[in-house]
Amino acid sequence: MNSLRRRLFLILLAATSAIWLCAVGWIYLSSRSELEHVLDARLQEAARMVHSLVAGGNIAAAAQASPLPETGYERQLSCQIWSLDGHLVARSGGAPEEALAGPAEGFSEREVNGEPWRVYTILDADKGVRVMVGDRIGLRDRLVRDLVAGLLGPVVLIVPLLGLLIWVSLGGGLSPLNAVAGDIAARDADDMRAVSPTDAPAEIRPLLEALNGLFGKVEAARRHEREVTAFAAHELRTPLAGLKTQAQIALAADDKATRDGALRQTLVSVDRTARLVRQLLVLAKLDAEPASPTDEAADAGALLREIIHQAPARAGVTVQLDPALNGLLLKGNREGLHLTLRNLHENAVEHMAGEGHIAWRRTPDGLCVEDEGPGIPPEELARVTERFFRGRHKSASGSGLGLAIANLAASRAGARLRLENRTERRGLRAHVAWPSNKVPA
Amino acid sequence: MRILVVEDDPVLMDGLKVGLGLAGATVDEVATCADARAALAGSRFDAVVLDLMLPDGSGLDILAGMRARDDATPVLLLTALDETTDRIRGLDAGADDYLGKPFDLDELAARVRAIARRGHGRAGPTLKAGTLVLDPATLSATLEGRAVALSRREFAVLAALMERPGMIRSKGEIEERLYGWQEEVESNTVEVHIHNLRTKVGREAIETVRGLGYRVRGQQ
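Top line first, the protein sequences correspond to chains A and B.
Per the working numbering, the first sequence starts with residue -18, numbered consecutively.
Per the working numbering, the second sequence starts with residue 6, numbered consecutively.
Don't read these hints as lab results, they were simulated from the structure.
On a predicted model such as this, the values are computed, not experimentally measured, just so you know.
In this text, a Cβ means the ideal position worked out from N, Cα and C, and glycines have one as well.
Honestly, I wouldn't trust all of these hints.
Said to hold, decoys possible - Below, a sample of chain A positions facing chain B; criterion: calculated Cβ distance under 10 Å:
hint	residue
1	Thr210
2	Ala213
3	Ala214
4	Thr219
5	Ala228
Please model the entire structure based on the sequences and the hints provided.
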């Protein structure tokens, strides 16, 4: 049963009916005891009345009174007057001839002619009479039954009305839910505004807040995607604009110096664009390959020597390799490790301003490289591994992809890239760390 | 025509400097928002060519800052994002024109001339003073219908004087139009250019206002 309305309706209806039935039961019991009490009092009073009318021993019992018109509760009370020696002296109309009660005084119940009676008896030794006034118990029960039936009748009529009322009220009560649903359903796909939870009922506020949280996340993801697209467009189109401009200058220039300058710039731009394309392809390849556990391992020292040897040398930049890296076996496939370390190395070299010193060191959980560049502003640290993100201290030839590649390749090799600014001097320290259970031996 | 180019890509920057220079403009180059703000605070430009994505922020912030302090210098946005919404956002932020990368150098030069012209309150493409007519698009000049050969610098000096005929231009103002920051200014070069111009377009065309500067007479 998925409809909240139907569910609530049935629960409310069942609960209402149960309460009503309990009330009827309670009324039945309490009316009954009250009635017994009242009728017993009447029996007692009637018996006293009759007794007071009986003169000592001389009872002129009237002939039977003419019967009353039928009302349904006729002949409720019957009266008998017995002499102490057991003769029926007189009786009221409709009263049985058989004694209604035993010889004892007070209340008693007895079956006479198959009918149960409740009787009050007064014994008067002075007058020599025994007065018995009795009630048919069957009549008493009917009285209670009629009373309860009178209560139940309207219930049968009212329950459908009540049901209708509950159904309609539920519709009204649940309307804020429908309003919110309608609001969300009417949105277009770009609309990620938060649903205002303040004017919504308290019960659905947690749901709306969760929904708003989701909207927020989706919106953030989309914004991020837009940013990446924007950065990508910038990084791809700017070199093209440079190339086109330089080519037009080369065509338009009348002097050789200008033309040669433009052609030189064209070559620089082509080289950079080629590098960008290469990095994009590397990223695409890394994206396409899921991380696969591998038993491969590579010697950190040998790998780094190869990378340093291949990297374009910069005048005044020296590279130091920690001897402890020799023989340090790094887990992960060789290509991924090579990509990680090479991009970190290139990043370090690119950001060196003039002369400086780059150091590769062994750390307890992997290795790190330290440069003497400008470092990364703290607010950009978390973003520099995003694709195309180029911070304030970007290098002239950087594509904004190097650290993204290093980060992705490191995670493919089961390691984590962590960047921090050096505290003892200017510069960046990039850690490649393996989780403790996979620390390379 | 002195132009500030804000662009962080070195190759494109070099191209803009040389390319706009070929079109007769003097180009000052900066690569960051901070430098752009400093340049705008320190000098007057006829137009600004502004890249939107800069290493230390967005070109839109620079633009908003300029317009907030009532700097009406015409701005052309250069950007890799040429979706309609981006263009609208740029223009609504106070830009005068918009060009998506990659662009045609000649078109860029023409658009820069156009916004600079508007910035000077002119609608027509040529500068006129009496029978002297300058065409900034072709860097050519005519006097009474006859072509006058002018060097690029001479053209720039004459254009600076003719942008507002009748107004006096100081030597300093003219120098500012001729040279970017990186260029050495020789102390008497404006005088030399004025002297040469007078021999080409007539002594009476350029008037010396002693102690103040020079002016070109408007329509007489």
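Exercise. Broken hints, numbered, in rising order?
Worked result: none
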